[in-house]
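K.L.:
Fit chain B to the given chain A structure using the hints.
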Amino acid sequence: DTEVTQTPKHLVMGMTNKKSLKCEQHMGHRAMYWYKQKAKKPPELMFVYSYEKLSINESVPSRFSPECPNSSLLNLHLHALQPEDSALYLCASSQFGGSYNEQFFGPGTRLTVL
Amino acid sequence: GQQVMQIPQYQHVQEGEDFTTYCNSSTTLSNIQWYKQRPGGHPVFLIQLVKSGEVKKQKRLTFQFGEAKKNSSLHITATQTTDVGTYFCAGSNSGYALNFGKGTSLLVTP
Chain A
366 DTEVTQTPKH LVMGMTNKKS LKCEQHMGHR AMYWYKQKAK KPPELMFVYS YEKLSINESV
426 PSRFSPECPN SSLLNLHLHA LQPEDSALYL CASSQFGGSY NEQFFGPGTR LTVL
Chain B
12 GQQVMQIPQY QHVQEGEDFT TYCNSSTTLS NIQWYKQRPG GHPVFLIQLV KSGEVKKQKR
72 LTFQFGEAKK NSSLHITATQ TTDVGTYFCA GSNSGYALNF GKGTSLLVTP
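Chains as they are written, first to last, in our numbering: chain A, 366 to 479; chain B, 12 to 121.
Isolated chain A, as found in the complex (with noise of 0.2 Å):
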């Protein structure tokens, strides 16, 4: 299994709203990413877990909190979010962390905050 899955493809929540978006991989890979990409740029990294540890936090508001439950499984829990985080959130996953291993991606979250 070569797939990282994420729930749900589609979200749109207002501004009072809590959320979380989730993000699954089968693959043994022990380091775990969150990017937010806006139309037309590149993915922007927010959030990396190494061995389920917080490894690097991106100066990422408060309202955006992940979570790594166990090796296989990252969260983002979404709260108060304003407008301008409407976005695509990608999960991606690699063997390890540091920039040399690949990285595989979901097929992202769409989000809109009304």
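Source of the hints: derived by calculation from the structure; they are not laboratory data. Be a bit skeptical, because a hint or two may be false.
Facing chain B, a subset of chain A residues (Cβ under 8 Å, in silico) [stated by the list, open to error]:
(1) A404
(2) P407
(3) L410
(4) I421
(5) L455
(6) F461
(7) G463
(8) Q468
(9) G473
Far from chain A, by Cβ distances over 12 Å, these chain B residues were calculated [as the list claims (entries may be wrong)]:
(10) Q17
(11) Q22
(12) V24
(13) Q44
(14) Q75
(15) H86
(16) T88
(17) A89
(18) D94
(19) V95
(20) T97
(21) Y107
(22) T120
Note that the coordinates shown come from a computational prediction; the quantities given were computed from them, not determined experimentally. Backbone N, C-alpha and C fix where the C-beta goes; we use that ideal spot for every residue, glycine too.
P.N.:
Only chain B this time, still in chain A's reference frame:
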């Protein structure tokens, strides 16, 4: 943080023409990766370059890493409509995290 500059932003070619996208960094890179993202899709890994002056080929795609490890290029020979998408380079100067270039969007008309 370290920035990876990528040009051109867009390229429109006729099917059969060649295509090249370039990435440049002001600092020496430990490694560089290339990804392709089809319209409506997600980035897919193409290749990684690590050594100075490295050249790798995948069918019609040729990837180069500069001698100083500050620049890289992706060249596609005789483009096909299946080559349509955005090509991103992603480099690191620390071996710690990748920084994506802004991407080159390739449009191929038959």
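K.L.:
Hint by hint, say whether it matches the structure.
P.N.:
Each hint, compared with the structure:
{"no.": "1", "hint": "A404", "in the structure": "violated, 11 Å"}
{"no.": "2", "hint": "P407", "in the structure": "holds, 4 Å"}
{"no.": "3", "hint": "L410", "in the structure": "holds, 6 Å"}
{"no.": "4", "hint": "I421", "in the structure": "holds, 6 Å"}
{"no.": "5", "hint": "L455", "in the structure": "holds, 6 Å"}
{"no.": "6", "hint": "F461", "in the structure": "violated, 11 Å"}
{"no.": "7", "hint": "G463", "in the structure": "holds, 6 Å"}
{"no.": "8", "hint": "Q468", "in the structure": "holds, 6 Å"}
{"no.": "9", "hint": "G473", "in the structure": "holds, 6 Å"}
{"no.": "10", "hint": "Q17", "in the structure": "violated, 8 Å"}
{"no.": "11", "hint": "Q22", "in the structure": "holds, 14 Å"}
{"no.": "12", "hint": "V24", "in the structure": "holds, 19 Å"}
{"no.": "13", "hint": "Q44", "in the structure": "violated, 7 Å"}
{"no.": "14", "hint": "Q75", "in the structure": "holds, 19 Å"}
{"no.": "15", "hint": "H86", "in the structure": "holds, 20 Å"}
{"no.": "16", "hint": "T88", "in the structure": "holds, 24 Å"}
{"no.": "17", "hint": "A89", "in the structure": "holds, 26 Å"}
{"no.": "18", "hint": "D94", "in the structure": "holds, 18 Å"}
{"no.": "19", "hint": "V95", "in the structure": "holds, 15 Å"}
{"no.": "20", "hint": "T97", "in the structure": "violated, 8 Å"}
{"no.": "21", "hint": "Y107", "in the structure": "violated, 6 Å"}
{"no.": "22", "hint": "T120", "in the structure": "holds, 19 Å"}
The earlier numbered hints that this structure contradicts are 1, 6, 10, 13, 20 and 21.
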